[in-house]
Amino acid sequence: MSKIQEVKAKVEAGKSKLVPGLVQEALDEGSSPAEILQAMVDSMGIVGDKFSSGEIFVPEMLIAAKAMSKGVEVLKPLMAGDGSTSLGTCIIGTVAGDLHDIGKNLVSMMIESAGFDMVDLGVDVPADTFVQAVKDNANVKLVACSGLLTTTMPALKEAVQTIKAAHPEMKVIVGGAPVTPEYAAEVGADGYAPDAGSAAVKAKELVTA
Amino acid sequence: MLTKRQNLMETIKGGNPDRFVNQYEFMDLIMEAPMDLPLAPAPGTRVKNKWGITFDWPADQIGSFPMHDDEHKALKDITDWKNQVKAPAIETSEEAWAAAVAHANSVDRNDKFVTAFCAPGIFEMTHHLMSMEDALMALYEEPEAMKELIDYVVEYELAYANEYLKHIQPDALFHHDDWGSQISTFISPAMFDEFILPAYKKVYGFWKANGVELIVHHSDSYAATLVPEMIEMGVDIWQGVMTTNNVPELIKKYGGQISFMGDIDSGRVDFPGWTREKIYEDAKKACEECGKLYFIPNLSQGLNISSFPGVYEATSEVIDQLSKEMF
Chain A
1 MSKIQEVKAK
11 VEAGKSKLVP
21 GLVQEALDEG
31 SSPAEILQAM
41 VDSMGIVGDK
51 FSSGEIFVPE
61 MLIAAKAMSK
71 GVEVLKPLMA
81 GDGSTSLGTC
91 IIGTVAGDLH
101 DIGKNLVSMM
111 IESAGFDMVD
121 LGVDVPADTF
131 VQAVKDNANV
141 KLVACSGLLT
151 TTMPALKEAV
161 QTIKAAHPEM
171 KVIVGGAPVT
181 PEYAAEVGAD
191 GYAPDAGSAA
201 VKAKELVTA
Chain B
1 MLTKRQNLME
11 TIKGGNPDRF
21 VNQYEFMDLI
31 MEAPMDLPLA
41 PAPGTRVKNK
51 WGITFDWPAD
61 QIGSFPMHDD
71 EHKALKDITD
81 WKNQVKAPAI
91 ETSEEAWAAA
101 VAHANSVDRN
111 DKFVTAFCAP
121 GIFEMTHHLM
131 SMEDALMALY
141 EEPEAMKELI
151 DYVVEYELAY
161 ANEYLKHIQP
171 DALFHHDDWG
181 SQISTFISPA
191 MFDEFILPAY
201 KKVYGFWKAN
211 GVELIVHHSD
221 SYAATLVPEM
231 IEMGVDIWQG
241 VMTTNNVPEL
251 IKKYGGQISF
261 MGDIDSGRVD
271 FPGWTREKIY
281 EDAKKACEEC
291 GKLYFIPNLS
301 QGLNISSFPG
311 VYEATSEVID
321 QLSKEMF
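The listed protein sequences derive, respectively, from chains A and B.
Numbered per the UniProt record's numbering, the first sequence spans residues 1 to 209.
Numbered per the UniProt record's numbering, the second sequence spans residues 1 to 327.
Honestly, the hints are just simulated from the structure, not real lab data.
These figures come from a predicted structure and were not determined experimentally.
By construction, the Cβ of each residue, glycine as well, lies at the ideal position given by its N, Cα and C atoms.
You may find that some hints are simply not true.
[Claimed, not checked] Counterexamples of contact, computed for chain B against chain A with all Cβ distances above 12 Å:
#, residue
1, Gly15
2, Arg19
3, Trp51
4, Gly52
5, Glu133
6, Gln257
[As the list claims (entries may be wrong)] Below, computed lysine to aspartate or glutamate pairings styled on EDC-like, alpha-carbon distance capped at 16 Å:
#, chain 1, residue 1, chain 2, residue 2
7, A, Lys204, A, Glu73
8, A, Lys66, B, Glu142
9, B, Lys292, B, Asp18
10, A, Lys15, B, Glu141
11, A, Lys17, B, Glu317
12, A, Lys66, B, Asp134
13, A, Lys164, A, Asp128
14, A, Lys17, B, Glu141
15, A, Lys70, B, Asp80
16, A, Lys66, B, Glu141
17, A, Lys15, B, Glu142
18, B, Lys48, B, Asp69
19, B, Lys82, B, Glu142
20, A, Lys3, A, Asp42
Please construct the entire structure, taking both the sequences and the accompanying hints into account.
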């Protein structure tokens with residue numbers, strides 16, 4: 001197995017202690033940072049698919065993402081200023097009135113693993129804060145809004161509509177336990193995903209379409 | 001007419017109930033027992049409990065959350081848990097238990113089960129202490145330390161149970177531990193078998209060995225794949241079972257070994273603009289599909305309350321109406 005294949009396998013298996021060394025070995029073998037990063041992104045794609053299909057669970061996804069981030073730390077100094085590998089910036093947050101962060105954090109992690117730079121606004125985020133964050137950050141391609149409570153669905157709607165009013169071209173993806181594809185379409189979101197794995201797939205699809 | 005207790009037993013033993021068991025009616029929860037509940041007391045309050053976990057309930061929210069920023073996280077390094085986690089002392093005095101004893105003594109045990117309440121659960125305690133992400137990753141990265149921490153929580157629960165049994169001889173235990181999201185369990189059944197099942201076999205085994213007749217476990221989540229484990233650990237009723245579990249299918253598969261209490265998702269009916277019609281629609285569907293045995297229609301909420309005033313009571317009225325229509 002080539003070193004780059006080993007990196008891929010160990011990221012998928014969540015071996016965060018082994019991945020940095022293997023990334024270094026892959027570099028030493030002559031693989032480019034971009035190739036290695038892409039291998040890790042591909043691994044996380046597999047992890048996301050397995051999560052969506054119920055083959056793996058949250059801990060497996062968390063340790064895989066941690067392994068990838070350890071690998072990225074090795075690559076970062078070599079890729080500084082190289083925006084060509086990024087899919088753009090994604091602003092993420094849980095909407096106003098809602099303090100749930102676990103699902104939002106998982107989605108953030110998986111979208112980051114797919115190749116986005118993440119700006120996490122946290123929880124209980126007013127609609128205007130999403131709008132401001134789009135203005136304040138460079139190369140924003142996507143806004144992801146999470147809501148877990150039936151009672152905060154109006155806040156989700158307000159967030160999507162406020163963002164769309166201020167930035168009509170901006171892609172907005174929504175998710176959370178009570179959100180359905182129909183509701184997402186009704187409030188004007190561009191995309192919906194039922195879980196963190198499919199959120200990463202949908203995010204990539206929206207900005208590369 | 002059967003008493004509430006008799007009707008419950010007929011329902012879960014596959015006998016002849018004369019109506020639906022109506023939500024929590026069979027349990028008289030002794031909430032006065034001295035334990036450290038995992039919540040802030042009211043909107044707009046923040047408390048640090050005796051485990052060192054800070055719970056915050058912002059004024060505009062419907063519940064409280066454990067805080068896990070660097071300043072508030074109680075357990076920052078699982079490998080150092082022995083220094084960072086200190087279980088509170090269990091209250092033993094007659095005075096501390098007096099209100100609970102008085103309540104228990106007032107209950108007609110022919111009609112209802114005197115029910116001990118226990119929350120948070122063992123899995124919940126791990127992530128309240130250290131955050132969900134840290135707790136779940138530690139199951140892979142530091143499994144031995146996690147097992148030690150879980151054992152420590154189990155010892156605390158057993159000591160509490162022992163004291164409970166000394167003061168009050170409860171007929172039932174209502175124990176919380178959320179094991180999943182709406183669509184999935186947090187951890188795989190294999191991981192559950194390794195870390196969580198042994199803990200609950202000890203805890204529920206202890207209560208049962210000491211005369212507790214009924215174990216009711218709350219998890220308002222998907223957990224259909226963990227039902228065999230629930231049976232193995234001694235759960236008689238899974239409360240909070242959400243519609244995503246396909247409850248009618250579970251009843252077909254496991255009825256007689258365990259019963260299911262829920263199938264009316266609070267998230268669908270308990271909100272500011274709630275209506276009796278919507279509750280009736282969801283409750284009727286649940287009762288028609290699940291049937292009269294091994295099933296208790298109930299909101300998925302983990303107590304005999306609702307988030308918005310009137311929803312719990314309206315649900316009880318609807319279930320009474322459905323009993324008249326269907327029995």
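Agreement of A/Lys3 and A/Asp42 with the hint, judged by alpha carbon distance not exceeding 16 Å: 15 Å, holds
If we take the beta carbon of B/Glu133, is the closest beta carbon in chain A still more than 12 Å away? Check fails; 6 Å does not lie beyond 12 Å.
Within a Cα-Cα threshold of 16 Å, do A/Lys66 and B/Asp134 meet the stated pairing? Holds, because 11 Å separates the two Cα atoms, which is no more than 16 Å.
Within a Cα-Cα threshold of 16 Å, do A/Lys70 and B/Asp80 meet the stated pairing? 23 Å, violated
Just double-check B/Gln257 for me: nearest Cβ-Cβ distance to chain A has to come out over 12 Å. At about 24 Å from chain A, B/Gln257 clears the 12 Å cut-off, so the statement holds.
Is B/Lys48 close enough to B/Asp69, meaning Cα to Cα at most 16 Å? Between B/Lys48 and B/Asp69 the Cα gap is close to 14 Å, so the pair holds against 16 Å.
Within 16 Å, alpha carbon to alpha carbon, are A/Lys17 and B/Glu141? 10 Å, holds
Taking 12 Å as the cut and beta carbons as the points, is B/Gly15 off the interface with chain A? 36 Å, holds
Given the hinted pair A/Lys15 and B/Glu142, is their Cα-Cα distance within 16 Å? Holds. A/Lys15 to B/Glu142 sits at ~13 Å (cutoff 16 Å).
Do the alpha carbons of A/Lys66 and B/Glu141 lie within 16 Å of each other, as the hint requires? 11 Å, holds
Holds or violated: are the alpha carbons of A/Lys164 and A/Asp128 at most 16 Å from each other? Between A/Lys164 and A/Asp128 the Cα gap is close to 11 Å, so the pair holds against 16 Å.
Non-interface claim for B/Arg19 versus chain A (Cβ beyond 12 Å): 30 Å, holds
The structure shown violates the earlier hints numbered 5, 7, 11, 15.
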